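Participant: Please model the complete structure; the sequences and the hints are all you need to start from.
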Amino acid sequence: MSFSSNAQDQKGTIRGSVFDDVSGEALIGVTVQVKNNTSGSVTDFDGKFNINILPGTYDLIISYVSYRTTTVTGVEVKSGSVTLVENIRLQEDVQTLESVVVTAEAIRNSESAILTVKRKAPILVDGISSAKFSQIGDSDASEAVKRVTGVSVEGGKYVFVRGLGDRYTKTTLNSVDVPGLDPDRNSIQIDIFPTSLIENMMVLKSSSADLPADFTGGVVNIETKDFPEVKTFNVSASVGYNPSMHFRDDHFTYKGGKNDWLGFDDGTRQLPAGATNSVFPSPGAPGVTSQDVNSFLKGFNKTMGTQDQKSLMDYSFGISSANQKNFDNGTSLGYIFSTTYKSSTVFYDDAFYGEYQRPAFADEYELIYATTQEGAITERNSLWGSLAGLAYKTQNSKYKLSALHLQNGEKRAARFFIDDNGSAVGKSGFFGGSENLEFSQRGVTNILLSGEHHTSDKGWSIDWKVSPTISKIVEPDIRKTAFTYTSSDTVFSSGAAGNPSRIWRYLDEINLVSKVDFKKNYQLFNKAASLKFGASHTFKERDFEILTYNMQFFGSQPEFNGNSNVIMDDQFLYPNGSVYFSSGNPDPNSNSFNSTVSNTAFYVSNDFQIIDKLKAIIGVRAENFVQRHTGRDGVYANGDVVNGRNLDDAIVLDALHFFPSGNFIYNYRDNQNLRLSYSKTIARPSFKELSFAQILDPVSNRTFNGGLFKFPDWDGNLRETLIDNFDIRWEKYMKKGELFSVSVFYKKFADPIELVRLSVAQTTNEFQPRNVGDGQILGAEFEFRKSLDFAGPVFRKLFASGNLTFVDSRIDMTDQEYNVRKAYQKNGQELKRTREMAGQAPYIINVGLSYEDPENGFDGGLFYNVNGPTLTVVGGGLFPDVYAEPFNSLNFNLSKSFGPDKKTSITFNVSNILDDVRENFFVGFNAQDQYYSRLNPGRSISLGLKYNLN
Amino acid sequence: MKKFLSMIAIASVLAFTWACDDEEATPDRPTITAPAALDVLIGESTDLTFTVSIPGGFKSASVTATGGEAEVSAALTAGAVSGDIVVTFAANEEAGDATISLTVIDNNDKEDLKEVVVTKGNQVTITSNITANTTWKTGVVYVLGGRITVINGVTLTIEPGTVIKGQAGTGANATALLVARGGKLMAEGTAASPIIFTSVADELQPGQIVSPNLEPTVNGLWGGVIVLGSAPISASSSGSQLSEVQIEGIPATDANGLYGGNNKTDNSGIIRYVSIRHGGANIGSGNEINGLTLGGVGSGTVIENIEVVANQDDGIEFFGGTVSVTNALVWNSFDDALDTDQAYNGTVSNFVIVAPNTGSGFELDGPEGTYKDGDHKFMNGTVYAGANIADLIDFDANTNVQMSNIYFYGISNNTDVKEYAAMIAFANSTSSVAGFQYTLPAEKSAATVFAGIPADKLTAVAANANTLGANLTSFTWTWARQSGALAGIGL
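Those protein sequences? They're chains A and B, same order as listed. Mapping of the first sequence onto this note's numbering: position 230 corresponds to residue 230, and the numbering continues sequentially without gaps. To convert, take the position in the second sequence, counting from 1, and add 950; that gives this note's numbering.
No lab work stands behind these hints: they were computed from the structure. Since the model is a prediction, treat every value here as computed from it, not as a measurement. Treat the hints with care, as some may be off.
Here are some of the chain B residues that sit facing chain A, going by a computed Cβ distance under 8 Å [claimed, not checked]:
hint	residue
1	Thr999
2	Gln1196
3	Glu1318
4	Gly1319
5	Asp1323
Here are the simulated DSS-like pairs of lysine-lysine, each with C-alpha atoms no more than 27 Å apart in a straight line [claimed, not checked]:
hint	chain 1	residue 1	chain 2	residue 2
6	A	Lys400	A	Lys472
7	A	Lys258	A	Lys310
8	B	Lys1368	B	Lys1407
9	A	Lys231	A	Lys826
10	A	Lys822	B	Lys1322
11	A	Lys832	A	Lys822
12	B	Lys1322	A	Lys826
13	A	Lys903	A	Lys48
14	B	Lys1214	A	Lys822
Beta carbons are placed, not taken as given, at the ideal position from N, Cα and C, and that holds for glycine.
Facilitator: Right, dumping it as structure tokens:
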């Protein structure tokens, strides 16, 4: 066996794909003959063909039974390189059998067939494919996906569909749920995928039985290439500059480890030996000498404070390579490889966190501040990612193996001035200054093995996937040092700003997804139909632990003069001095848990034509979901085995649910569709939500409490949310990808989960996820993409596109919530039994203006996104509701590729042109809004360069 | 060699068998299997189970003991050949080893005797909440292994002279004694035998007042004592329906930390002659445990003769409630000595404050909610400010307090009184001060230190020549007195 390209170096290659013009389906077994030449090929089950031929310009004759024979003219073949003739569309025509002639150039600029498929499909799908990437200069997936209408990208990393929050949007890789760097999010960050390795990105807005039932708002799937059409070897680099963050002398950080830039801690922040001993080495503990205490204390990192350091700018570089080899026996091997490194520096020099309270009296309106923290936060974010994939195709089968690793290190430092108001409820009243040091080390490794098999008659196909993922997060030695400023001194005061504290957090998760799908093509009512059925199993296991240590003084406190970096000097450590650490970790630790999930699913769905022009997919999915938990509450961990609660691999969620779905498309006029869909879906509590974890964010001083804790007004039984989704959509497709659509959707939520502020805790800031009253949303969505050519030929390359969504959401308040609101009702305030849903914006606007000139490799756009004021934290009682202020995000990007082969491309982006600030406000009746949080991302510009060495 | 060994083995077996056969003529003597050595708390009883085998038939059993009293509480029926004999041992009040000897006699008057050593400890670790009425005994050291809660409907009685020691810990791991709403603490010490709450790092033993190893400045070694009740508090806007909230220092996830209600005369028990030391573990910023926390405690509760030494947070903090406290001494608090919040409505009389550090002498707040029912009172007190006090008195504009007959001295830093004028001017205020005596260094003026308080309410006296203030005879039992610290400041 030999590589054909090696054996005949002087030859070139023609590669292409053939589709049904109407349905967009790949055509299998199509004969592709080179005119006046003996060379030829037959398309495989992906509709693809491959011809090796001597350099020259050829015509291809494409013929297939009952289709019009099509001739593609002007296919130019160069020695040793690949010429692509993708998306050849064959028209079915039994009457005339007249042949069609198109030029290779015309085919290159035609719409991707996969989008045609999707447009005709009963499921509501949109997307962008590799054919488009080759025309535009986007270097990674996060840039490219913005071109899909209705999609917004948060922080350059995470995709949101229709403005729905993270709980209701999910990103999958090759149709498999891959936990991202933050396993509490549904999404994997997409900025590490170079466009050169992506086959397509599809955005699904309605659910069907073959999709996981926890679909609610949208799913974004990234499909990596298996058989790259042309050989590429790209190198890319970019720099980003944010004037409000970079090259600033007042930027600061703290002394970290040597490998922080690689996303690993080098041991600088390790937990000292003895920290988890059953007898903790503190003064006076039984069997512990003062020398034991001293050597334990010396095991801690001595750095407790920040230090000034000029900030750098953002930069990234990456390489990617891809190719396929065709063997003489008709098999093919494809590979992709990429590695990316990104470093970014964030500096919020004007950060603000506030806690405000409602006044007690009905005739007092203005909110009262409890604590405000004003200061600066810095972040140095290092990320590298590597992706490798291998694919092998035979006559009837395809195998794919891919591996992905992401490694991220985020080093954060913060300085805050704290103003605590003694007149506020539960507050002691003080001034203080805090320094926070954090490092978050995250790694995720995913392997995917998949196969696809077709019967020779193409009637059956089988698809299977096995995908293990390992995620690991370590947040070692999160430090907070807060001095209290008294009238005469700067000291540590536990009753005020608190004593210095250190926290270690560990999270390990494994995730194993296996699934198999069967598809049978057959005739129903004399029309093509397909029956799909399959099964999947997901197993997940998470281990989580938090360890906390607080500084104490055995006797009088040394004079530190407010210098946090001398606190751990040897002279101050017990028994030389009075400094020691006390353990905040009961044995067993209440802040550690092990949880598993086992989700077994079966589905069957049928894709068929009911009558002419009316297609449907009707299916049902069953999921048996079992979540188990091993953990305990603080009462048990404190030793009270009688009254405390301890779960030992106990089932905390066990449900078999059926999820019917129906998607209908009525293609009543050419390019006009009426769609109707219904699906039942589910949103389940996460591991963290269904636990006894208590997670303190030392920066904002807010604590997350797991949903298993019982309160007088909460039974500790956090349940899943079942959702009924209804969608009606009218859409019209026009030339050049123009689109106009109007949708109305209604979703009914049973027991939605929201993060609720605990109203009985007035001294601390406590939150808990709870099921609240039933909810519903009614929305209207308008989507358009329109060429501006009507304004004159100058504008023919300009497109306006947008997605406007308006939503009315409503939650029935629980009696408890209503009563605590009633207690704080103000004179003149009307109190309803319902309110909007947390996390649901009343309106979402995504509009863009883009310029597309693929012939000249020129592409640019101006994109605007805003979400209406969104309830983010449900208050109650003393605590007002918190709303996210609309963030007016206006971004510009421009790309230009150079040369006849477009080997070089340059991108230029400006983000947050309006220089808007991310703000959340406490909102009270008849009162001025007050800050909950404020972070200013600033305006940033970036410049990127990509070059194909091949 | 091998053969030789096996022959010896066979011979031994034969010899053994023959010997046994010989014994069959009369039954074996009784054999007693003794229980494993065990620990018992002084003054407490325990049962020991001996397993006996009496081939000759049971006739009688007898028991003797040193270090306590023992008796056979369950013997066997006559003639029984095997069974369990239960001995009940009541330890005396002295720590140390006790021995219990059981003798069993069979019908052939053959006997066996077995001795068990029991260690009488005077220290026991408490790890479970108090969910049934319980008494902690004189002379015993009870170690708090966690946050121990006396739950609703249950009474914990602590006898005089008992020592309670908290283990080290912070945050969720902090140790404390928490009396939940509806629970009762009957901690009635005496002047001769006070009840002492301290840390496990303290080598103090029952009967001692002065710690043999810890300085009276060491704080934060454990939590503190928290008593919660259902008397009214002013913590929210709730109209006529009085609210409940979570006490600071207890994680919000422990519902036993709720306090407040409608019962003004609520009774949480009696706390008398109690010294609380070295507490105030750090829970989180702005969230800590006071020496004695009184949340919504009702007037049916008796609290008198209290000493709080070296607490990392406040000495005594009142969150609403109607309870009164008589004879209280707070020494070396690392925050405020006496702290009131949420419209506290009781009286603190005859009190001494010595050298608060970082915090104020008095941190007096008013209602936080809409509820208010008159003023709380501080009367007959002596305040030694010391070098590190923050404010002498920190009033708020809406503080509801009446203070009278208090002597202030030992003032050396820039401490003063905050917001007195604003409080008097506050709408419908009935707050007042009267009968303040003071001794100031020459360079300080009363007008500055007692900012806003009219001169007619202030009288300068020579050091310790005050004619009003605390009656010190009530404090002779305290560590502060017995260590000489009070004498050192002229008290």
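Participant: So, for every hint listed, does it hold in this structure?
Facilitator: How the hints compare with the structure:
1. Against a cut-off of 8 Å between C-beta atoms, the interface hint on B:Thr999 is violated, since the closest Cβ of chain A lies about 25 Å away.
2. The interface hint given for B:Gln1196 is met, as the beta carbon of that residue sits about 5 Å from the closest beta carbon of chain A, less than 8 Å.
3. A distance limit of 8 Å between C-beta atoms decides the matter here; for B:Glu1318 the minimum to chain A is near 4 Å, and the interface restraint holds.
4. At a threshold of 8 Å, the smallest CB-CB gap from B:Gly1319 to chain A is about 5 Å, leaving the interface hint in force.
5. For B:Asp1323, the suggested interface contact is broken, since its CB lies about 15 Å from the closest CB of chain A, more than 8 Å.
6. Note on A:Lys400 and A:Lys472: the hinted pairing holds, with a Cα-Cα distance of about 25 Å set against a maximum of 27 Å.
7. Between A:Lys258 and A:Lys310 the CA atoms are separated by roughly 18 Å; this keeps the pair inside 27 Å, and the hint holds.
8. The hinted pair formed by B:Lys1368 and B:Lys1407 meets the criterion: a straight-line CA distance of about 16 Å does not exceed 27 Å.
9. Our distance criterion of 27 Å between C-alpha atoms is broken by A:Lys231 and A:Lys826, whose separation comes to about 69 Å.
10. As the CA atoms of A:Lys822 and B:Lys1322 are separated by approximately 20 Å, the hinted pair is consistent with the 27 Å bound.
11. A distance of roughly 10 Å separates the Cα atoms of A:Lys832 and A:Lys822; the hinted pair therefore holds under the 27 Å criterion.
12. With a CA separation close to 19 Å, the supplied pair B:Lys1322 and A:Lys826 stays within the 27 Å bound.
13. Only pairs whose Cα atoms come within 27 Å are accepted, and A:Lys903 paired with A:Lys48 is accepted, the gap being roughly 25 Å.
14. Among the hinted pairs, B:Lys1214 with A:Lys822 is consistent with the structure: their alpha-carbon atoms are about 25 Å apart, no more than 27 Å.
Hint compliance for this structure: hints 1, 5 and 9 are not met, and every other hint is.
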